[in-house]
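J.: Kindly generate the complete structure, drawing on both the sequences and the hints.
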Amino acid sequence: MTLKDLLKSVKSAESSISTLLGVVVVIAIGALIFNYFKTKPFNESLDSESGEISEEASQKNQNNLPSTYVVASGDTLWKISEKFYNSGYNWVDIKEANNIENPNLIVEGQEITVPAVEPRIPTVAAASTEVTVGESEAINNEEYIVKKGDSLWDISVRAYQDGYRWTEIAKVNNLENPDLIHPGNKLVLPR
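Residue 65 in the numbering used here is what sits at position 77 of the sequence shown, and the numbering runs on without skipping anything.
In case anyone wonders, no lab produced these hints; they're calculated from the structure.
Source: prediction; values computed, not measured.
Fair warning: there could be bad hints in the mix.
[To be verified] Derived DEER-like restraints, expressed as beta-carbon distance ranges: (1) Lys(-1) with Tyr24: 34 to 40 Å; (2) Asp167 with Glu99: 44 to 50 Å; (3) Glu96 with Ile21: 34 to 40 Å; (4) Gly62 with Leu20: 25 to 31 Å; (5) Thr64 with Asp167: 39 to 45 Å; (6) Asn165 with Ala126: 52 to 58 Å; (7) Val80 with Asp167: 39 to 45 Å; (8) Leu168 with Val112: 35 to 41 Å; (9) Gly62 with Gly172: 54 to 60 Å; (10) Ala114 with Ser75: 18 to 24 Å; (11) Glu125 with Asn90: 47 to 53 Å.
Just so you know, even glycine gets a beta-carbon here, dropped at the ideal spot from N, CA and C.
T.: Given below as structure tokens:
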């Protein structure tokens, strides 16, 4: 069998070889994924990848406060606070208890006192739904005196219920720079 004959036979079986190699790759990837999830433990008190601490581990740490902690490589006051309080917001308490001037400068091996304080839970304030009456009033006059905070867009919306008509206001008033209007300017509103 010559080299030409060998290449011809491989060429004719190219489709079958590609399919076979594809199946082998899919099986290999499936085995790797299965092996990854098979060996990963589900109930860890500390997830080393994300640094998250379970509720029970945090509760144990809170019961032992105040205590001292030796800073490990990669630690920040935020991470230490999460370990002991299950809330990073207590980093301020740790900073104050240890008279740390620069909270970004803690070194590996440094001993830190972790005070016995309540965990700080962040709260979200309700958004204000107050509407200022003066800003939303419709403009019915043919002239308008600009107030602080006005823009041609806002004036156009209030006068025509269409913000895109600001260009008409700019043209009629011969404004060189429509972005530059001042409180007290008198604008003509075309009707």
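J.: Please go over all the hints and tell whether each is borne out by the structure.
T.: The hints, checked one at a time:
Between Lys(-1) and Tyr24 the beta carbons are some 38 Å apart, a value that agrees with the proposed interval 34 to 40 Å. Taking 44 to 50 Å as the suggested C-beta distance range, the pair Asp167 and Glu99 does not conform, at roughly 58 Å. One distance hint, 34 to 40 Å for the beta-carbon pair Glu96 and Ile21, holds here, with the actual separation near 36 Å. As the Cβ distance of Gly62 to Leu20 is approximately 28 Å, the hint placing it in 25 to 31 Å holds.
In this structure the hint that Thr64 and Asp167 lie 39 to 45 Å apart at CB holds, the actual value being about 44 Å. A C-beta distance of roughly 26 Å is found between Asn165 and Ala126, which places it outside the suggested range of 52 to 58 Å. Under the hint 39 to 45 Å, the C-beta atoms of Val80 and Asp167, about 43 Å apart, fit the expected range. Leu168 and Val112 have their C-beta atoms about 38 Å apart, which keeps the hinted 35 to 41 Å range intact.
For the pair Gly62 and Gly172, the supplied restraint of 54 to 60 Å holds, since their beta-carbon distance comes to about 58 Å. A hinted range of 18 to 24 Å holds for the C-beta pair Ala114 and Ser75, which are about 22 Å apart. In this structure the hint that Glu125 and Asn90 lie 47 to 53 Å apart at CB holds, the actual value being about 52 Å.
Taken one by one, the earlier hints fail for this structure at numbers 2, 6, listed in ascending order.
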